[in-house]
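Required output: the full structure, derived from the provided sequences and hints.
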Amino acid sequence: GAGVSQTPSNKVTEKGKYVELRCDPISGHTALYWYRQSLGQGPEFLIYFQGTGAADDSGLPNDRFFAVRPEGSVSTLKIQRTERGDSAVYLCASSLMGAYGYTFGSGTRLTVV
Amino acid sequence: LAKTTQPISMDSYEGQEVNITCSHNNIATNDYITWYQQFPSQGPRFIIQGYKTKVTNEVASLFIPADRKSSTLSLPRVSLSDTAVYYCLVGDNTGGFKTIFGAGTRLFVKA
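Just so you know, the protein sequences line up as chains A and B, in that order.
Reminder that position 81 of the first sequence reads as 81 in the working numbering, one-by-one numbering, no gaps.
Reminder that position 79 of the second sequence reads as 79 in the working numbering, one-by-one numbering, no gaps.
Derived from the structure by calculation, the hints contain no laboratory data.
Fair warning: there could be bad hints in the mix.
Okay, the calculated bits of chain B under chain A, using three or more residues with CB under 8 Å as the criterion [what the hints assert, rightly or not]:
id : segment
1  : 38-44
2  : 102-111
Below, a list of computed lysine to any residue pairs in the SDA-like style, where the Cα atoms sit at most 25 Å apart [said to hold, decoys possible]:
id : chain 1 : residue 1 : chain 2 : residue 2
3  : A       : K78       : A       : R109
4  : B       : K3        : B       : T21
5  : A       : K78       : B       : Q42
6  : B       : K3        : A       : G59
7  : B       : K69       : B       : A103
8  : B       : K54       : B       : G91
9  : A       : K11       : A       : T103
10 : B       : K110      : A       : G40
11 : B       : K3        : B       : I20
12 : B       : K3        : A       : Q50
13 : B       : K3        : A       : K78
14 : B       : K52       : A       : T103
15 : B       : K3        : A       : S58
Ideal Cβ placement from N, Cα and C applies to all residues, glycine included.
Listed below in C-alpha cells is the structure:
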C-alpha cells in the first residue's frame, strides 16, 4: 500500500478483555516497529520485527503483550486482560533495511474502560 | 543508546526561522541523528537525517558540529502549519535499530 495502515483507528474495550491491533506496513518493508504513545509523551518502543521474527521485544511491558508477524508483512499486536493503564495510542512503523527513517501509521487509539 | 535532550517548547511567528537544538553527549560512532515531526492524531513523520556537518532538504536543514554532541534542526520561514512536536533521535541506522523517542519539542507558530 501507499502508507502504513493501522486498524482499527479507535478501539474501546472493557477492562479484562482481549484486543488485537493490526498493522499493514508498506509493501516490501522488512522492518516493522510497534510503539505506544501516551498523551503528552513521545512514542515508547515496544517491539521490532525483522522479517517474521521479533528481533527485539525488550519494550513489551509484560507478558500480557504479544505481537506476531507470521508472513513477514502484516503484524498483529495482542493484549490480554487489558487494564486501564494500557489506554494509549499504539503506533506502527515500517522501513527498509538501512533506509532513512521510518514511515508511521496514524495509530490505533485504545481506550480501556 | 544515546539519550537526547531538547527544549520542552518553543514559540515563533510566521515567516521566522526556527532553530531547535538537541543535545546528545553520548552519541556513538555509528549513530545517526534523525528528526521527526508529529501533528496531533498522526504518527511521527520523518523530516531529516544526518551524520555530520550539514544536511539540507526541501523541508529543513540539520547542522551537526564536529564533535557531534549536539545538532540543530533549522526550519526556514515557518508557517502556522509547522506547529507540531519535533523529536530528535540518535541511533544506529545500519540495519534497523531500536529508536528511543524523548518528549520532543512543542513548537507553537503564531500569526
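Results for each hint:
no. : hint           : in the structure
1   : 38-44          : holds (count 4)
2   : 102-111        : holds (count 3)
3   : A:K78 / A:R109 : 14 Å, holds
4   : B:K3 / B:T21   : 14 Å, holds
5   : A:K78 / B:Q42  : 21 Å, holds
6   : B:K3 / A:G59   : 16 Å, holds
7   : B:K69 / B:A103 : 19 Å, holds
8   : B:K54 / B:G91  : 18 Å, holds
9   : A:K11 / A:T103 : 22 Å, holds
10  : B:K110 / A:G40 : 21 Å, holds
11  : B:K3 / B:I20   : 16 Å, holds
12  : B:K3 / A:Q50   : 24 Å, holds
13  : B:K3 / A:K78   : 29 Å, violated
14  : B:K52 / A:T103 : 23 Å, holds
15  : B:K3 / A:S58   : 17 Å, holds
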